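Number of protein chains: 2
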Amino acid sequence: MAQAGTVDRILDTAEVLFAQKGFAETSLRAITSKAGVNLAAVNYHFGSKESLIQAVFERFLKPFCAHLDNMMSELEAHPAEISLERLLATLSKSALAVQRGEPQRVAIFFRLSGLAYSQAQGHLRRFFREHYGDVFRRFLRLLAVAVPDVPPMEVFWRVHFALGATIFTLSGMDPLRAICRSDFGVEVSPQQVDERLLAFVAGGIRATVSAS
Amino acid sequence: MAQAGTVDRILDTAEVLFAQKGFAETSLRAITSKAGVNLAAVNYHFGSKESLIQAVFERFLKPFCAHLDNMMSELEAHPAEISLERLLATLSKSALAVQRGEPQRVAIFFRLSGLAYSQAQGHLRRFFREHYGDVFRRFLRLLAVAVPDVPPMEVFWRVHFALGATIFTLSGMDPLRAICRSDFGVEVSPQQVDERLLAFVAGGIRATVSAS
DNA sequence: AGCCTCCCGAAACAAACGTTTGAAACGTAT
DNA sequence: ATACGTTTCAAACGTTTGTTTCGGGAGGCT
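Protein sequences, first through last, are from chains A and B.
Take the first sequence: its letters are residues 32 to 243, numbered as in the numbering used here.
Take the second sequence: its letters are residues 32 to 243, numbered as in the numbering used here.
If you are wondering where the hints come from, they were derived from the structure by calculation, not from laboratory data.
It should be emphasised that the depicted structure is a prediction, and the values quoted were computed from it without experimental measurement.
There could be a bad hint or two in this list.
As the list claims (entries may be wrong) - List of simulated lysine-lysine pairs, PhoX-like, C-alpha gap at most 25 Å:
(1) 80/B with 52/A
(2) 52/B with 80/B
(3) 65/A with 52/A
(4) 80/A with 65/A
(5) 52/A with 52/B
(6) 93/B with 80/B
(7) 93/A with 52/A
(8) 52/B with 80/A
(9) 80/B with 65/B
Throw the hints in and build the complete structure from the sequences for me.
If you want it as structure tokens, here you go:
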């Protein structure tokens, strides 16, 4: 990354600053000065700040969805191997596809996802639904196969519950670990948090369906 | 609310606009003009925009915590009645204490909580921990009694997972219901979402603890 | 050479922001 | 009626924002 091109230097810096302070709170000047590029470079290469934000997400989501698509194709070819644990592990593995060398990029990815969700009424929700709605629905169909006892619509809602728990947790991973350390005097690694989260999510998705 | 005082008109308008567009994206001019008060009124009555944001949260959190505190005291007086379902219902009831007539205020409350969490590194996290950390820890202790099979630290993490699922879901309630309607052709009420969420959360908290 | 396209750089732009000011209007008690 | 503390108002302040402009340089092509 030492002497990457201007576009990549902007993206590298923007994703870090966005994750640290939010989109509106991060000015183009903060990005360009830290990236060592001219202020006008953002509008020249990306057109606008909005497009820069979308470009940051695209750089994360493209490898993520590509990896996820591949693994889902494999699973669909061998339907007997489809299970909840297997599907959740697939998500977990696909998330690792975004790190490109630096493991911290996974945390940045989830921080940004959390930010994007809260800013939901803006341009980002449209962007997500347009570009990645198909991948999501495909995953939903596989999941319905994995937990046949849970009706498809119930699966839909529980996936969103699980998504909330995941984004919320991984996006605030470091502060949560700090609280855990100060309240319990125990140091837990991000991997241990992942394990706990997976157990929680699996338990929630498999919960007995209430009669309504 | 027709002719309330300036302070309340500002708070009423601010909480709606903040929930719709976010804190940084909502200008004081937008608030004051919609509220029908002078621009300077915010700085006169609250001191700054940051203080206004905290005042908005305080108006939600004070009745919420008061109600929660009362119900926790009752439960502590009759420890035999402590159960996970009972505790979750306590939270649910306390959330209703913030609506002050208009039911939509509950949704606003959770939207704001979601926003606050994503903007976590700012002044809000300090504000929350200082003012409401005790109530949270008290609830955590009760919960550890309700699920004795789950170690306290595991409970801590699972509460945060559940918090994420809840805030994420309730903060995006309307868009999620719209997706559900278009994808499944079924209209679900917010109450039905609450029921599903409670089942998910209970299942997650009670999940078997993995050996690590 | 000339020309063209792409990229960078410093400067400037208008707009919007949170905040401050000082005077006018208000209600109330003396 | 006068004086006083409180609240409201229009206007302006200085900064910061995203975006645009325009000159110039590097490299490829005819």
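These are the hints, each one checked on the structure:
Only pairs whose Cα atoms come within 25 Å are accepted, and residue 80/B paired with residue 52/A is accepted, the gap being roughly 17 Å. At most 25 Å may separate the alpha-carbon atoms for a hinted pair to count; residue 52/B and residue 80/B meet this at roughly 15 Å. Taking the CA atoms of residue 65/A and residue 52/A, the gap is about 14 Å. The hint holds against a cut of 25 Å. At most 25 Å may separate the alpha-carbon atoms for a hinted pair to count; residue 80/A and residue 65/A meet this at roughly 16 Å.
As the CA atoms of residue 52/A and residue 52/B are separated by approximately 17 Å, the hinted pair is consistent with the 25 Å bound. For the hint pairing residue 93/B with residue 80/B, the CA-to-CA distance comes to about 20 Å; that is within 25 Å, so the pair holds. Proximity of residue 93/A to residue 52/A is assessed by CA-CA distance (about 24 Å); at most 25 Å being required, the pair is judged to hold. Annotation: proposed proximity of residue 52/B to residue 80/A holds, straight-line Cα distance about 17 Å (limit 25 Å).
Between residue 80/B and residue 65/B, the direct Cα distance comes to roughly 16 Å. Compliance with the 25 Å bound is thereby established for this hinted pair.
In this structure, none of the earlier numbered hints is contradicted; all agree with it.
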